[in-house]
Amino acid sequence: MSHTATHEDHSAEVRKEVTKITIILSVLTIIELILGFYMMGIEAAGTRLLIKGTIVILMLAKAFYIVAYFMHLKHEVRNLIMTVCVPLCIFFWFITAFLIDGNSFRNLRNTYDPHYKEQSSIKVEAKEAKHEEKEAKEEKKGGLKLDATRTTD
Amino acid sequence: MSTTTTATTTKLWGGGKSPFDVEYGKLMMWYFLMSDALTFGAFLISYGTIRFSTNGWPDPNKVFKSYPFASEGVNAPLVFVSIMTFILIISSVTMVLAVQAGKEMKKKAVATNLILTIIGGIAFLSCQAWEWNHLHSEGAWWGMNPFLNADGSASSTNFTNYFFTITGFHGFHVLSGVVINIIMLIMTLTDQFEKRGHYLMIEKAGLYWHFVDLVWVFVFTCFYLI
Amino acid sequence: MSNEAVLHAHSGAHDGHEDHSHEHHHQSFISKYVFSQDHKMIAKQFLITGMVWAVLGGFMSVLFRLQLGYPDANFPWLETILGKWAKGGHISPEAYYALVTTHGTVLVFFVLTAGLSGTFANFLIPLQIGARDMASPFMNMLSYWFFFAASIVMLSSIFVETGPFSGGWTAYPPLSALGDASPGSKSGMDLWIVSMALFVVSSLLGGLNYIATILNMRTKGMSMTRLPLTIWALFFTAVLGVLSFPVLFSGFILLIFDRNFGTSFYLSDIFINGVGALPNEGGSAILYQHLFWFLGHPEVYIILLPAMGMVSEILSVNSRKPIFGYMAMIGSLFAIAILAFLVWAHHMFVTGLNPFLGSVFVLLTLLIAVPSAIKVFNWLTTLWKGNIRFTPGMLFAIGFVSLFISGGLTGIWLGNSALDIHLHDTYFVIAHFHIVMGVASMFGMFAGIYHWFPKMYGRFMNNTLAYIHFWVTFAGAYMIFWPMHYEGLAGMPRRYYDYSIWESFKQFQDLNQFISLVAMIVFAVQFLFLFNFFYSIFKGRKVTTMNPWEANTLEWTAPIHPGHGNWPGEIPEVYRWAYDYGKDGVDFIPQTTPVGADESVEH
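Chains as they are written, first to last, in the working numbering: chain A, 1 to 153; chain B, 154 to 379; chain C, 380 to 982.
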């Protein structure tokens, strides 16, 4: 197989493509980071959500470029592309159902567990929180020890 | 090989050859990665579910704000993690070049690029080790969360639980990727691929490595950005 | 076209037939029977391990049926075998729960997943698509040994001092997440998780292999639409496994952290008697259920689809008719495979799942009735006016169809979230899933074993014993599970230790006794099958023709005792689909027969 000449051409082409994709990925990441920094100063929930949405779209774009070009999927036979991409559609329902139910769980608790709601609205000092955590941990350790003695009985 | 000149769909699926024109190992690698995508997907979706079912959540910018050799009270959110992200992207690029060099049967270029990829992987793991260590020194670990919610209320431990579990699982994948790449490097240097007449193993290792990069894209977004 | 050359070098790793005949002489006992890479031997290993587990799992059900049928009686021999778990010959509540849990886990995963699809995917895929072996025989071997390791770990959990896990086969937290919650939640649960993790690895290795083999290694002319339906079913089974087991794996990893490292993924607001309030906060036990059932629901199709595929094939062969609606059969398999991923939360209607989300799950769940009905009608129309040969395999295949209909219809009831409020966790559910998934799949497995036994061992099984086995099992299955529907409708909950102390359920005492009695008889009859199986391996009537059932598929073109590589010469080429029975007045035309000049058009 004397494909040397075409090989060289092809090789240059690939290198060009790789450079292009690297630049695209870098630019997308930088935009993401800029959005991230921008978001820090924003309090409005709606705007934050909008920015988060944009970041997710950029994330998907990055994923597309990695899979399509780095993993070479775009240059595979169409059937292979389909067998890889189509089953992953289950993620749509996977994500939707899980998140809806998570959200519903919060609403239920906020509605029917006033203690929970009250607890999560009390502001605490950072230091105190640390202390509490430690205490909780010690408590847990104590609990485990207790448990150990119980099992040896 | 001139029989494949008219490769219609029926011929592709007609048996006696791969309908995708790939060898079985690559096919298996793809399907393994899909399966692994569901493992990570399940982790990240669980994280999302818990986050959706909790009233408050810590602000990542107030948690991940330091970098190595920084002074104690430094406030530089997103800086260190962007470095990690770029390390992984660059290591992915060198991996592509290694795969390409393998297709062209250029042993030296394969070895060089593999070494660069391995260095990138180790660099990423080191960054992660530093970050974990740093967070641990702040009192964060599985079951311990020193950080408050963004609104100032007490946070459950699930922020750190998920962070360490998922980045840990990803780190484990990076580690195994590095090990695989080291094996590939040894096989390259000992001329095993030259003897086989093809570098297809490198291609499969490459797929795995890119997948690790791909997962990081999601982990990075979910934990550090939003 | 260097790629093509590579493809050849890889997929044709066993192409050198010349070497083949020599290979056998060098095989040691270890490489032939233990660490074998021959798909046929691996299939037999899966089958026999599965049988061992079926006996153990079945025996467990007999033990807890004893408790349910005779709650007041004492059986001294129970103390002999169970020791402190049955003091005075009376099974303790802890032992009862442990038995129920292990029975479920073992039957669902080890018998009906590994034992069924592990056996027949390994055995039939290369033989029916015309390949020398699996894509990666080595990974195939690993798949079995991971399963074996999982078996050993699960078996060892039975002998742990605190007993095996006892919180139900679904292993819901907090029982599974907190060692203090119950005796079985201690090291028994650790071993349970380890065993299941090994099992996930095994099924992943196997599944990847099956998919790659079916797609890449079909023989020349074997297009996807010429594949026997067994292969299609096994293909979708493998896809389901590869996509759903990793989710369970993630769920288990989170569970391991909850158990051992103080996290609270699934835990919140928990108080344990004797331990006190736990510090864990913010988790959600429902999350585990979502993750579990995201696997759990595809899992029931992982169990059922191989049985469906084999039944389709056996019905067609023994009716001497082409399968009715071949493309519809593939389409419905595909539809079931897709829907399997979309309906998991119908197991969770009463957990506090969002009711509006629940109604979407109701809709998706009821959609499964469509492909299921297509399959049922196609099986019935395949039988219609067929020239039926009632071989044991055929009887079990027909039994499968019967059970699938009976059990499937109650699924339509349970799929409604409103009805489920009443029926959830009652014996109605037990009856439903045991008939449609448990016994039906066992019937598919029996059908497969009776039908392909001649190919596996070159001998026939005894028909008389097989007929007794069939009729007792068939009648017994209905007698055991049919009455449970009534108990369930009356509200009798599952997993209770002793119903005789409940005023509302006392009335079922005699019925429970009847069920237990039948269960014991059916269990005993299975030994007839086991005897038949092992006796026939060595002493059965020898197969004298290559194609004893006069079937079309490729496995019957291989020698009676195929070696590693399956066909001694060239791999057969395929010219037609697998169901040319009674075409143009010819009884059967094997797939390897070229299409004749004056033959009517292909299906």
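Hints were generated in silico from the structure; no laboratory data involved. Mixed in with the good hints, there may be bad ones.
[Said to hold, decoys possible] Computed Cβ-Cβ distance ranges for the label pairs, DEER-style:
1) A:Leu-99 - C:Met-899: 45 to 53 Å
2) C:Val-729 - A:Arg-78: 39 to 47 Å
3) B:Ile-339 - A:Lys-123: 55 to 63 Å
4) B:Glu-347 - A:Leu-49: 27 to 35 Å
5) C:Leu-759 - A:Phe-92: 31 to 39 Å
6) C:Gly-837 - B:Gly-350: 23 to 31 Å
Backbone N, C-alpha and C define an ideal beta-carbon position, used for all residues, glycine too.
Structure-based check of each hint:
Between Leu-99 (chain A) and Met-899 (chain C), the C-beta spacing of about 48 Å keeps the proposed range 45 to 53 Å intact. Under the hint 39 to 47 Å, the C-beta atoms of Val-729 (chain C) and Arg-78 (chain A), about 45 Å apart, fit the expected range. For the pair Ile-339 (chain B) and Lys-123 (chain A), the beta carbons lie near 57 Å from each other, so the given range of 55 to 63 Å is met. The beta-carbon spacing between Glu-347 (chain B) and Leu-49 (chain A), approximately 55 Å, falls outside the hinted interval of 27 to 35 Å.
Restraint check, Leu-759 (chain C) to Phe-92 (chain A): a C-beta distance of roughly 36 Å satisfies the suggested window 31 to 39 Å. Against the hinted window of 23 to 31 Å, the Cβ-Cβ separation of Gly-837 (chain C) and Gly-350 (chain B) comes to about 41 Å, which falls outside the hint.
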